[in-house]
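K.L.:
Heads up: the sequence lines are chains A and B, in that order.
Letter 79 of the first sequence, counting from 1, is numbered 78 in numbering that gives the first Met the number 0, and no numbers are missing.
Letter 301 of the second sequence, counting from 1, is numbered 300 in numbering that gives the first Met the number 0, and no numbers are missing.
Rather than coming from a laboratory, the hints here were simulated on the basis of the structure.
The structure presented is a predicted model; accordingly, all values stated were derived computationally and were not measured.
It is possible that some hints are incorrect.
As the list claims (entries may be wrong) - Now the in silico label distances, taken between C-beta atoms and shown as ranges:
1) A/I84 - B/G268: 15 to 23 Å
2) B/G268 - A/G56: 25 to 33 Å
3) B/N182 - A/M0: 45 to 53 Å
4) A/P25 - B/G268: 50 to 58 Å
5) B/A27 - A/I84: 53 to 61 Å
6) A/P25 - B/F187: 40 to 48 Å
7) A/E91 - B/G241: 22 to 30 Å
8) A/P25 - B/A101: 24 to 32 Å
9) A/E91 - B/E7: 41 to 49 Å
10) A/M0 - B/P119: 21 to 29 Å
11) B/P111 - A/P25: 39 to 47 Å
12) B/L122 - A/M0: 44 to 52 Å
Unchecked claim - Sample of chain B residues facing chain A (criterion: CB under 8 Å; computed from the structure):
13) L58
14) G61
15) V99
16) S100
17) A114
18) L244
19) I246
We treat Cβ as the ideally placed atom computed from N, Cα and C, and that holds for glycine.
Listed below, chain by chain, are the residues.
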Amino acid sequence: MSIATIFGICASLLIGIGLYGLIVQPHPLRKMLSFNVLGGGTFLLFGAIARRGAAAGLGGDPVPQALVITGMVVAFAATAVGIAILLRFFEETGEASLRDPMKANSKELDH
Amino acid sequence: MEAIFSIELGLLIVALALHVVVGRGTFAVIVGFVAYGLVLSLAWMGLSAPDVALTEAALGGGVTGTLLLRAHARLRGAKGDQQPVGVFGRAAALLLCGGVSACLIIVVLTLPAPAPTLAPQALSDLAATGLGNAVTAVLMVYRALDTLLEKVVLLLALIAVWSLAVDRNWGDRPMFESGRGTNGPLIFLARALIPLGVMVGIYLFWVGADDPGSAFAGGAMISAMGLLGFFAGVCAVPRVSGAWLRIALVFGIAVFLVIGLVGLAAGSGFLTYPSNFAKPVIVLIEVAMTLSIGVTLAMLVVGPPAEPSQS
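Work the whole structure out from these sequences, hints included.
P.N.:
Laid out in structure tokens, this is it:
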């Protein structure tokens, strides 16, 4: 089994794991962590495919590698914006959850 | 032998990812995420992508970890009213995600045999660029427009973060839990490490022309040194309305655009470099970009301007 295949399978598992956390974890911070795990897996999959394109004395295709570097910076920027929105939401409401405030209010009225 | 090491590394990464996703305790999970980023950069080394490995270690592990740890500290005392997903929902999610992974594994195992590659094309024009690192050539020459737009995305993200400030705090300094110059060991660390770290950052971009390294990894390193300075309280977080800060933020994009437009005016097209001294022009852009990336990343981590903390 080649190195590219091993890390390709690893990346596929990471994508599934990250997606699972994104769906199942209720806390927004945990969702963002899961999203970054998912992103890491996606980049690694791209990297495994780049490794298969090794040619002309290079260890891998440089084009996907460069795109992954760009992608990582954008992923970080998106995470920073997400965190800033979450912190501002917490400042405003004292909460850090994604539950529907309308639903929560109606539940409280029921009690 | 290499395959065994790679399989072990892959298992370690998957285990860390599981810890990050289903582990208990947000703090432990974030520390796990930093470890995930560092081990992932080893995988990038295994895939012969040292440039990506440097960026992953600096950005994916380090700077993102700092961002998340700060958010976790600020969110302490948040109402823990979280509705966990029920057993049925979990089972459905497990099925879906298992399916996604299984499909991707099948795809990985059945990729076309002569893999498509742009490596020969990337190398064929390398001499004309004056660079030795094909990845840097892709970033700075062949796909220079992508890199320019990605810099714009970084700046847009910072504008988005700043726009979350409360009106009365606009123009102020971002809130930062600094040691206020009282934590002796931290101050010593900052004073000893920052000059070295900044030098490593500059080195990373400089060697990036011919060897692994890039303006992104260098910029991330410089931003980390800035954050260390903020933490130790040896340098103040700049006001978001400060002229020098604004200039540093747009410097990279401005130099990139000016050189791009000069190419257009010279008749050879947007973002084309003069063929006889392409390398000095590229290095000039990278100097400006490294500075701007470093400042932008650090400002993204410290967040929007806020009232000074009372602590």
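K.L.:
When you take the CB atoms of A/M0 and B/P119, is the distance between them in 21 to 29 Å?
P.N.:
Roughly 26 Å apart at Cβ, these two residues keep to the hinted range, so it holds.
K.L.:
Taking 25 to 33 Å as the hint, is the beta-carbon distance of B/G268 and A/G56 inside that range?
P.N.:
holds, 30 Å
K.L.:
Does B/I246 hold up as a contact with chain A if the rule is Cβ-Cβ below 8 Å?
P.N.:
violated, 20 Å
K.L.:
Range first: 50 to 58 Å. Now tell me if the beta carbons of A/P25 and B/G268 are that far apart.
P.N.:
holds, 51 Å
K.L.:
Is the interface hint for B/A114 satisfied, with its Cβ closer than 8 Å to some Cβ of chain A?
P.N.:
holds, 4 Å
K.L.:
How about B/L244: closest beta carbon in chain A under 8 Å, or not?
P.N.:
violated, 17 Å
K.L.:
Range first: 44 to 52 Å. Now tell me if the beta carbons of B/L122 and A/M0 are that far apart.
P.N.:
violated, 28 Å
K.L.:
Range first: 22 to 30 Å. Now tell me if the beta carbons of A/E91 and B/G241 are that far apart.
P.N.:
Given a distance of about 27 Å, which is inside 22 to 30 Å, the answer is holds.
K.L.:
Tell me if the beta carbons of A/P25 and B/A101 are separated by a distance inside 24 to 32 Å.
P.N.:
holds, 26 Å
K.L.:
Could one say that the CB atoms of A/I84 and B/G268 fall in the range 15 to 23 Å?
P.N.:
violated, 39 Å
K.L.:
Hint says 53 to 61 Å; check whether the CB-CB distance for B/A27 and A/I84 agrees.
P.N.:
violated, 24 Å
K.L.:
Take a look at whether the Cβ-Cβ distance between A/E91 and B/E7 falls inside 41 to 49 Å.
P.N.:
Given a distance of about 47 Å, which is inside 41 to 49 Å, the answer is holds.
Against the hints set out earlier in the document, violations occur for numbers 1, 5, 12, 14, 18 and 19.
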